[in-house]
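Dock chain C against the given chain U, drawing on the hints supplied.
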Amino acid sequence: MKNKSIILKNLKESSAEWTSGQGPLSDIVISSRIRLARNVEGIPFSPRAEQAELKNVFELSRQIVEEDSLFRDSNLLLLDELSPLESQFLVDKHLISIYHAREKHPYRGCVFNQRETLSIMVNEEDHFRIQYLLPGLQLNNIWKLINKIDDKIEKKTTYAFSEKEGYLTSCPTNVGTGMRASVMLHLPALAMINGINDILKAISKIGYVVRGFYGEGTEVMGNLFQVSNQITLGLSEEEIIDNLEKVNQQIISKEQKVRKDLLANSKSQLEDQVWRAYGILSSARIISSTEAMELLSKLKFGVELEIITYPDLGTLNKLMLLIQPAYLQMLAGKDLDPFNRDLQRAALIRNKISG
Amino acid sequence: MLCQICKKKEVAITLTKIVEEQKTEIHLCKDCAAAFSDKFSIFPLPQFDINDLLADLLNAIDLYHKEEGIVLDKEIECSNCHLTYNDFRKSGKLGCSVCYQDFRDQLTPLLRRLHGNSEHLGKIPQQSKGKFNKIRKIKQLKKELQELILKEEYEQAANTRDEILKLEGVLKKKNEK
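Those protein sequence lines, which keep their order, are chains U and C.
All residue numbers for the first sequence refer to this note's numbering, where the first residue is 779 and numbers rise by one.
All residue numbers for the second sequence refer to this note's numbering, where the first residue is 1169 and numbers rise by one.
Accuracy of the hints is not assured; some may be wrong.
[Said to hold, decoys possible] Covered stretches of chain U, going by a simulated chain C footprint (3 or more residues, C-beta under 8 Å):
id, segment
1, 886 to 892
2, 952 to 961
3, 1001 to 1015
4, 1071 to 1085
[What the hints assert, rightly or not] Taking CB as the label site, the calculated pair distances span:
id, chain 1, residue 1, chain 2, residue 2, range
5, C, Q1172, U, L1041, 49 to 57 Å
6, U, N972, C, Q1172, 32 to 40 Å
7, U, P884, C, E1315, 49 to 57 Å
8, U, E1072, C, Q1308, 33 to 41 Å
9, U, G973, C, V1338, 52 to 60 Å
10, C, K1175, U, E1072, 34 to 42 Å
11, U, K782, C, Q1269, 52 to 60 Å
12, U, E941, C, K1175, 44 to 52 Å
Since the hints were derived computationally from the structure, they do not count as laboratory data.
If you're wondering where the values come from, they're calculated on a predicted model, not measured in any experiment.
Note that beta-carbon positions come from the ideal geometry of N, C-alpha and C, so glycine has one too.
In isolation and in its complexed conformation, chain U is listed as follows (with noise of 0.2 Å):
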């Protein structure tokens, strides 16, 4: 196994093939992801199990990334090892949670594969959270690869189940099929005509949750929403996909609809503010995240709206990524003050859209 350095070091390079920018609808869907909670039988769920339980259950997953093949490509890191900038790194790379990163236990742990199209938190709140992304919407195959993934894993272990209330998890929203499914979509046009909260309003009355791009309690930024399915119990994966995908939809259509109107209506005003977004982004010296999202959400409109063709949408939606201030912190390689973040940042987007 790879030493911690090495693998951060390359994870610092390499880029997650859900932000290529590819992928069905992607003009509107930046990616899709499944996440599914599962636990050891005989084994309490993780903030309430001894450290020696803990251990047991980290080593069980370094066995599994050792000894199957379907693991080959990927690495294992210890949390306990890595100082709170490189969890954090993890978070803004969208490999683990924020809760993940913070958590006080021992022997948490991070499973990725060299595409970033697999992680496994080991030992967050449930032992093992096993989640897939892929950019686009494509759902159905997600879930055709995780399935496939969850059972490996249940090869060598097993896991609490009851015929009941299904996989057991340490929280009761996640119990059954311990399935969370969640789609990120980019949504300027609904944004622009103040349009998000009657469809907020409506999907979480239907049982959906909209969430911000870094997940559970985070905010929502660059007009990017994660739409997922709140219940888990009572309907089959294949349920919970197809109904998530039906409520997706709706809202693409949504998205496209007032987009096209937007574009027959107010063209030149779409114009200006894609292109003074562009201006900005091209020949700021100093910019904050906040704005920085707001401005790349406007570039990455136009590119979807072909108002401009460069760059592409693979290197819009990287940047939003490299311009969090962990990444940014990474690839300087030291720990930066606000100010020389917000320096840092203009200089990384400046190179990244000009070059």
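Okay, now just chain C, sitting in the frame of chain U:
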């Protein structure tokens, strides 16, 4: 513990400030912490994990207790990890898989409220697939049997009954092994 600023809400976050080896801790609730975030943002502040789902869950638990007139005078405790039901009520998190068994009476209506359902219909682990598939099949056949009896289709009902008995026999033999 209550928030040091508003002295009303539960503490959600503790900020530790170290200035020249002088360590100070400030305990804040979610709202006050948000208001304070600017002054202490050396590192991006934790995004509070008191997420929508948990809030929904805790509300659902309280509402359920209120509607059912449940007062938890006697502390129910998990026989395995010793988490009390009251602990669960506060945190929204269970301690181990046995909690689901020991708190089943309390959890079933709660799950119904959260998910609109309290029975799993999804994937079954490979190891126990055969057994659970049979249990599921028996349940489905029993439902069909009742419908057939109501429709007075007795011949068909007798066939279904035989099928149920056969499946139950297989399960019983497996359990004895």
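Cross-check of the supplied hints:
Restraint check on the segment 886 to 892 of chain U versus chain C: 0 residues with Cβ-Cβ distances below 8 Å, three needed, restraint violated. Given a C-beta distance limit of less than 8 Å, the hint that chain C covers the segment 952 to 961 of chain U holds, as 4 residues qualify and 3 suffice. Figure legend: the segment 1001 to 1015 of chain U, annotated as covered by chain C; annotation consistent (8 residues with Cβ-Cβ distances under 8 Å, at least 3 required). With 0 residues having a beta carbon nearer than 8 Å to a beta carbon of chain C, the segment 1071 to 1085 of chain U misses the requirement of three or more and the stated coverage is violated.
Distance hint check: the CB atoms of Q1172/C and L1041/U are about 53 Å apart, consistent with the given range 49 to 57 Å. Checked against the hint of 32 to 40 Å, the pair N972/U and Q1172/C passes, with Cβ atoms roughly 38 Å apart. At about 55 Å, the CB distance of P884/U to E1315/C agrees with the hint of 49 to 57 Å. Distance hint check: the CB atoms of E1072/U and Q1308/C are about 53 Å apart, inconsistent with the given range 33 to 41 Å.
In this structure the supplied range 52 to 60 Å holds for G973/U paired with V1338/C, their Cβ-Cβ distance being about 56 Å. For K1175/C paired with E1072/U, a C-beta distance near 37 Å keeps the hint of 34 to 42 Å intact. Between K782/U and Q1269/C the Cβ separation comes to about 40 Å, which falls outside the hinted range of 52 to 60 Å. Taking 44 to 52 Å as the suggested C-beta distance range, the pair E941/U and K1175/C conforms, at roughly 47 Å.
Checked against the numbered hints given earlier, the structure breaks hints 1, 4, 8 and 11 and satisfies all the rest.
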